[in-house]
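Here the protein sequences line up with chains F and V, keeping their order.
Heads up: the first sequence at position 26 corresponds to 28 in my numbering, and the numbers run straight through without jumps.
Heads up: the second sequence at position 254 corresponds to 262 in my numbering, and the numbers run straight through without jumps.
Be aware that one or more of the hints could be misleading.
[Stated by the list, open to error] Examples of chain F residues lying across from chain V (beta carbon under 7 Å, computed):
1) GLY19
2) SER21
3) VAL23
4) LEU27
5) VAL28
6) VAL30
7) ILE36
8) ARG41
9) MET47
10) PRO51
FYI, nobody ran anything at the bench for these hints, they're computed from the structure.
Ideal placement from N, C-alpha and C gives every residue a C-beta, glycine not left out.
Single-letter residue listing:
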Amino acid sequence: MLSRIYQGAEGLQFFQGLSLVLFFLVFVGAIVMIVTMQRGHIDKMSKMPLESGDDKNNGGLK
Amino acid sequence: MEMEKFQYDNKIVRMFFWATVVWGVTAFLVGLTIALQLPAPVFNFGTSWLTFGRLRPLHTNAAIFAFVGNGIFMGYYYSAQRLLKARNFSDVLSKVHFWGWQGIIVSAALTLPAGLTSAKEYAELEWPIDIAIALIWVAWGVNMMGTILKRREKHLYVAIWFYIATFVTVAMLHIVNSLAIPVSFWKSYSLYAGVQDALVQWWYGHNAVAFFLTTPYLGLMYYFMPKAAQRPVYSYRLSIIHFWALIFLYIWAGPHHLLYTSTPDWAQTLGTVFSIMLIAPSWGGMLNGLLTLRGAWDRVRQDPILKFMVVAVSAYGMSTFEGPMMSLKNYNAITHFTDYTIAHVHIGALGWNGLLTFGMLYWLAPRLWNTKLYSVKLANVHFWLATLGIIFYVIPMYWTGITQALIWKQFTPEGLLVYPNFLETVLQLVPMYWTRAFGGTLFLTGSLIMVYNLVKTARSGAPIPDQEMEAAPLKPIVSVAGEHKHRWLEARPMYFLALALVAVAIGGIVEFVPMFVVKSNIPTISTVTPYSPLELEGRDIYIKEGCFNCHSQMIRPFRSETERYGEYSKAGEFVYDHPFLWGSKRTGPDLHREGVGKLKKPDAWHYNHMDNPRSMSPGSIMPVYPWLLERSNDYADLHKKIRAMRTLGVPYADGYEDIALDDLKKQADGIVANLKESGIETSWDKEIIALIAYLQKLGTGILPK
Numbered sequence: 003m004l005s006r007i008y009q010g011a012e013g014l015q016f017f018q019g020l021s022l023v024l025f026f027l028v029f030v031g032a033i034v035m036i037v038t039m040q041r042g043h044i045d046k047m048s049k050m051p052l053e054s055g056d057d058k059n060n061g062g063l064k
Numbered sequence: 009m010e011m012e013k014f015q016y017d018n019k020i021v022r023m024f025f026w027a028t029v030v031w032g033v034t035a036f037l038v039g040l041t042i043a044l045q046l047p048a049p050v051f052n053f054g055t056s057w058l059t060f061g062r063l064r065p066l067h068t069n070a071a072i073f074a075f076v077g078n079g080i081f082m083g084y085y086y087s088a089q090r091l092l093k094a095r096n097f098s099d100v101l102s103k104v105h106f107w108g109w110q111g112i113i114v115s116a117a118l119t120l121p122a123g124l125t126s127a128k129e130y131a132e133l134e135w136p137i138d139i140a141i142a143l144i145w146v147a148w149g150v151n152m153m154g155t156i157l158k159r160r161e162k163h164l165y166v167a168i169w170f171y172i173a174t175f176v177t178v179a180m181l182h183i184v185n186s187l188a189i190p191v192s193f194w195k196s197y198s199l200y201a202g203v204q205d206a207l208v209q210w211w212y213g214h215n216a217v218a219f220f221l222t223t224p225y226l227g228l229m230y231y232f233m234p235k236a237a238q239r240p241v242y243s244y245r246l247s248i249i250h251f252w253a254l255i256f257l258y259i260w261a262g263p264h265h266l267l268y269t270s271t272p273d274w275a276q277t278l279g280t281v282f283s284i285m286l287i288a289p290s291w292g293g294m295l296n297g298l299l300t301l302r303g304a305w306d307r308v309r310q311d312p313i314l315k316f317m318v319v320a321v322s323a324y325g326m327s328t329f330e331g332p333m334m335s336l337k338n339y340n341a342i343t344h345f346t347d348y349t350i351a352h353v354h355i356g357a358l359g360w361n362g363l364l365t366f367g368m369l370y371w372l373a374p375r376l377w378n379t380k381l382y383s384v385k386l387a388n389v390h391f392w393l394a395t396l397g398i399i400f401y402v403i404p405m406y407w408t409g410i411t412q413a414l415i416w417k418q419f420t421p422e423g424l425l426v427y428p429n430f431l432e433t434v435l436q437l438v439p440m441y442w443t444r445a446f447g448g449t450l451f452l453t454g455s456l457i458m459v460y461n462l463v464k465t466a467r468s469g470a471p472i473p474d475q476e477m478e479a480a481p482l483k484p485i486v487s488v489a490g491e492h493k494h495r496w497l498e499a500r501p502m503y504f505l506a507l508a509l510v511a512v513a514i515g516g517i518v519e520f521v522p523m524f525v526v527k528s529n530i531p532t533i534s535t536v537t538p539y540s541p542l543e544l545e546g547r548d549i550y551i552k553e554g555c556f557n558c559h560s561q562m563i564r565p566f567r568s569e570t571e572r573y574g575e576y577s578k579a580g581e582f583v584y585d586h587p588f589l590w591g592s593k594r595t596g597p598d599l600h601r602e603g604v605g606k607l608k609k610p611d612a613w614h615y616n617h618m619d620n621p622r623s624m625s626p627g628s629i630m631p632v633y634p635w636l637l638e639r640s641n642d643y644a645d646l647h648k649k650i651r652a653m654r655t656l657g658v659p660y661a662d663g664y665e666d667i668a669l670d671d672l673k674k675q676a677d678g679i680v681a682n683l684k685e686s687g688i689e690t691s692w693d694k695e696i697i698a699l700i701a702y703l704q705k706l707g708t709g710i711l712p713k
């Protein structure tokens, strides 16, 4: 289908390959990043909202 | 390490807090008004300023940019300072941001009911306000990036990434979609025409939902849900995947708003494929939010804030599953142009944005005024009114949407439409419109109870002055060999911003470049001619009155549509349409073939119909437009309009602007003479004459000359 779309568009064929390669790179890159991430850093980051020093007031709710 | 003392700016949070409350109630009130206008046209009040076509954009703008917009900034100014351990970069910029944004909202509230509109959905504001939006948006962005650069926390929490992506993407969307040639201070024509305009508009429109109603609120979810639940975010790894996949995929999905239209099939298919892929990151985010409550579910029973948040995130999950389903062509054939879409967007707007905002407001109020919430009971009452309000709103609208689709498509055994008169299909829906208004009333009542509760809470305490903090300054960033890639990125916000821009720009570029350069996307039709001066002026009246809010101009290639309206719409018919006026909802019938075939009506019919639609179509729910019969137009801007159109590529001959008024008068005199034969006395310069000329032009482009 892609080749039909780009018929008559000189110099645009590279878009087909480009979009596929970019796609592949973004997702593989993201997966590699999260798989290799260190446990300690993850724990620190996920607790960050709870350490912003404004939790003395519980709003009378809890 | 020596600690630095600094203060968080709480005042700016309080300012946005009240702005969120005030504009929220306003948006709900305007929404209820237009909900009542559908079953009872009397609520249009017989004045041009308050008709449905002008108030509907006011409602959507108020809900999106005033209510949710202020909600974003309220949550941002609270959370960003704390996550970055730094006061805002500049108090002056914070104030410019606040007052500038309120000024833009007020100017929208004045210009939209006045009929000053660019006709592009969720981007209706005219060019001077567009420029103001860009400037104020950049003021926020500079303030944000400045704060990030002077932070005392090395790594950026996921909420901050979502804020950065919001800033950079909305700036790109707003600027590209708003490009236009000004004719006067309050009038401009879109730079793009027809199919291309539609593609750019829905690239914007879809991603306004993505990057104004979704990404900033996901940032807020990632901050305020852990706060309210007192639990760390469920999975930081999932949040990274959620973020990058969401911003990369969302930007491509715009063409799913244009399924079965005259846009090329390849663009429609791209929209569908990416929409289906979007389920994964969206649900990843939803689950990450809900699972943050693990171990705290018992508290959901007592804590109204958690109740609001749980239902909000669930509504996000519903919306983001339903959206991809509606992007499938078979499903879209039923839901598009119907009230089903209205139900879908209100699950998002009332459920996701509304309830998350209410949760944040209740969480912030006691902390900003150093007190406790005035009444937990009233907050619970609000929760149930809001939830029931949403249910009473969306169920009738889903029902209405499916009903509409089915009765539009219903044929007799002989192959004729069962409901050939569109009005018959509308009248079936009136009871559901009343039920929807009831749901809206519940939602509004709940929000008024919230206002009372928040005011009493604020009065029972005292505003917390700027909060004192101390933290160690950030050490200069030096590259450490073997440092993890995303940690590296989190420590370098400007690279992060650039990469986010690249991620969101790719989808737009891959869709736009072929659309603009490949000629075969829009086959030329030799019989399609530019609008005559009178038709062009009539088109501007059509835009001013917001007719496109209820009438589409896009006949899809279904037998049920070609049977009802005539030949399906072709891409080549819209090449002179700056802006395109396809619409997205059929409260009334499609008008693309209004001037040809069996739908063509005498000039006198249009004259009487605009004066009072019920005189020609008993039971019609369309507003009355008597002022069109009264108002004269001096056509002072006609020559500028012709020149602007020529600049945009419409083939008016050089110097035509000098004689355009003569042509206009000639055509107008013809319509006046026609009307006279039917016993109607009027003059050539009345607005109705131009509007009739435009309506009679519609669909004629494919007639043999």
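Against the structure, the hints come out as follows:
no. : hint  : verdict
1   : GLY19 : violated (11 Å)
2   : SER21 : holds (5 Å)
3   : VAL23 : violated (11 Å)
4   : LEU27 : violated (11 Å)
5   : VAL28 : holds (6 Å)
6   : VAL30 : violated (12 Å)
7   : ILE36 : holds (4 Å)
8   : ARG41 : violated (10 Å)
9   : MET47 : holds (5 Å)
10  : PRO51 : holds (5 Å)
Violated hints for the displayed structure, listed by number in ascending order: 1, 3, 4, 6, 8.
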